[in-house]
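Chains as they are written, first to last, in this note's numbering: chain A, 1 to 317; chain B, 318 to 484.
I should point out that these hints are in silico values taken from the structure, not numbers from a laboratory. Warning: the hint list may mix true and false statements.
[As the list claims (entries may be wrong)] In silico contact screen, one side only, chain A against chain B (beta carbon under 8 Å); selected entries:
no. : residue
1   : D17
2   : L43
3   : T47
4   : R51
[As the list claims (entries may be wrong)] Here are a few chain A residues that sit away from chain B, every Cβ distance over 12 Å (derived from the structure):
no. : residue
5   : K21
6   : R34
7   : A88
8   : A91
9   : T92
10  : V103
11  : T243
12  : T268
13  : G271
Glycine included, every Cβ here is placed at the ideal spot set by N, Cα and C.
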Amino acid sequence: MKDEATSELLSRSLDGDLTQKEQRELDELIQADRSLLHELETLRELTATVRSFAQTEAAPPELARLLEPLRRSPPPRRGARPVFRWMAAAATIVLAIAVTHEVAQRRSPQPPIASAPEGALEASSQPTPSGELFHLQPLPQSPHAEEVAGAADMILAQTPVAPALDEPPPITVIGPLEEPASAAQSAARQPPPAASAQPLPHGASPPALVHHDTSFQMQANPTKRSATSSRSCVLTVVITDGTTQTVRATTSLPVGHYLVLVTVSQHTITGLEPVAQQRQDWLAEGDIAHLIGRSLPETADGVYSAELVVSTALHLD
Amino acid sequence: VTFEELYERFRTPVWRLARRLTESDEEALDASQEIFLRVWKGLTGFRGEAKLSTWVFQIAWNYLRGQRRRKGKQPVMVSHNRDQEAVVNRLPDPAPGPERTVASAELLSRVGPAVQTLPEGQRVVLWLRDAEELSYEQIAEVLDIPIGTVRSRLARARRALRRSLQP
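Can you make the complete structure from the sequences, with help from the hints?
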């Protein structure tokens with residue numbers, strides 16, 4: 001038998017996965033051992049056989065039936081990814097702090113940046129050359145004054161990081177929460193026709209205002225539905241006279257057919273055992289135990305062979 | 318892509334993979350349903366970062382692998398295996414063509430059971446490559462294993478299958 005490395009080269013050559021160097025290496029190996037060529041051809045036929053076998057298999061029609069609820073419903077929507085939610089929250093907080101800071105600054109009296117130097121506003125005994133009585137000296141400026149004052153503006157001017165939401169969470173209005181309106185009320189809700197939009201005759205009293213309860217019930221994100229699958233089982237007990245009795249229940253056993261032995265006492269299931277080759281603890285793990293105690297009114301006492309058929313169904317919430 | 322389109326395109330590949338990794342048609346049917354349920358739930362989150370087939374097979378593999386791990390706790394069921402039936406009955410009429418190189422119907426009828434005897438790791442690689450025609454890279458992504466492992470497992474699987482199908 002060829003070694004693993006050669007075997008892998010042969011296998012990969014079927015899929016065109018060899019480099020030029022590896023291909024040369026394989027060619028040399030084949031030159032040295034012609035049986036490798038036969039092996040390569042056998043492997044090629046084998047892969048074609050597997051492919052042909054696969055083509056004979058098709059999904060059973062039951063699958064379409066089982067998936068019918070999903071095929072009729074749009075998939076559940078998803079909210080923004082958690083990372084984007086955090087980014088959006090962080091951006092909102094930063095923006096809120098900036099706005100609060102800016103508003104607080106504008107409302108409070110601005111403290112002088114620096115006190116005027118002594119004598120800055122003193123009357124001058126001598127008029128200035130331009131004829132002014134006061135000699136005004138420029139106030140000293142903080143080198144960072146403009147930066148501080150403009151920081152909030154800069155933050156506000158920046159485009160906040162937009163949360164990458166797929167779609168906003170939809171809100172559906174279900175209400176209003178009121179009794180079904182009468183025809184008159186419904187008519188009153190309609191906007192008045194253009195022809196009736198005329199001024200009231202002199203002395204006429206205006207019509208009473210119709211009050212509508214405008215409270216609504218809102219349900220956020222109603223399209224976020226979920227789907228679950230559940231399994232149910234039917235235990236069919238075959239009575240010796242050929243008749244059958246069935247009991248239905250839910251289970252977590254995989255879909256399939258199971259052979260069990262059912263013990264009936266006083267028209268009630270008192271025991272349930274798998275046939276040979278099956279694990280004894282499957283009863284509890286398969287959540288089948290609740291079949292015990294169920295009634296089989298037409299079944300006499302005894303131990304019966306029974307078939308447990310587990311089927312499955314999808315439920316959209 | 319809609320779920321319906323996905324279903325139409327992948328119902329058979331998903332079923333086939335499920336069938337290869339389960340013991341019976343019933344189990345495969347159950348698994349296929351669960352896989353498509355996961356596909357349905359995840360469809361809006363699919364952003365096209367992977368090929369659609371890779372994504373679907375990844376979901377399928379993750380589910381089936383989990384099922385296999387839990388399998389030891391489950392009872393043996395009375396199965397109705399189609400592999401035991403005559404595959405010949407389900408074969409299309411043999412027509413001359415490139416696929417004619419394939420062996421006889423008798424050989425085909427033995428392929429399914431022979432594939433089932435392979436270790437799971439080899440079986441899934443062989444199936445994804447030879448039946449579903451995924452690339453090595455895709456298989457590595459689906460199974461979350463290095464591409465070198467894909468190569469070696471595939472070589473071993475083909476060799477083992479050849480041995481078991483030898484008359």
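The hints, checked one at a time:
1. Taken as an interface hint, D17(A) checks out: its beta carbon lies about 6 Å from the nearest beta carbon of chain B, inside 8 Å.
2. Because the beta carbon of L43(A) sits about 6 Å from the nearest beta carbon in chain B, less than 8 Å, this interface hint is met.
3. The interface hint given for T47(A) holds, since its Cβ lies 5 Å from the closest Cβ of chain B, which is under the 8 Å cut-off.
4. With 8 Å as the threshold, the beta carbon of R51(A) comes within range of chain B, its nearest partner Cβ sitting at about 6 Å, so the hint holds.
5. Distance check for K21(A) against chain B: the nearest CB is about 16 Å away, which clears 12 Å, and the non-interface claim stands.
6. With 12 Å as the threshold on Cβ separation, the claim that R34(A) sits away from chain B holds: the shortest Cβ distance comes to roughly 18 Å.
7. Consistency note on A88(A): stated as away from chain B, and its beta-carbon is indeed over 12 Å from all of that chain's, at 18 Å minimum.
8. Residue placement check: A91(A) keeps its beta carbon more than 12 Å from all beta carbons of chain B (closest about 22 Å).
9. Every Cβ of chain B is farther than 12 Å from the Cβ of T92(A); the closest lies at roughly 24 Å, confirming the non-interface assignment.
10. With a cut of 12 Å on Cβ distances, V103(A) stays outside the contact zone with chain B, its closest approach being about 40 Å.
11. Chain B leaves T243(A) outside its interface by the beta-carbon criterion, the shortest separation being 21 Å against a cut-off of 12 Å.
12. The claim that T268(A) lies off the interface holds: its Cβ sits roughly 23 Å from the closest Cβ of chain B, which is beyond the 12 Å cut-off.
13. The Cβ of G271(A) lies farther than 12 Å from every Cβ of chain B, with a closest approach of about 16 Å, so its non-interface assignment holds.
Violation of the numbered hints given earlier is absent; every hint is satisfied by the structure.
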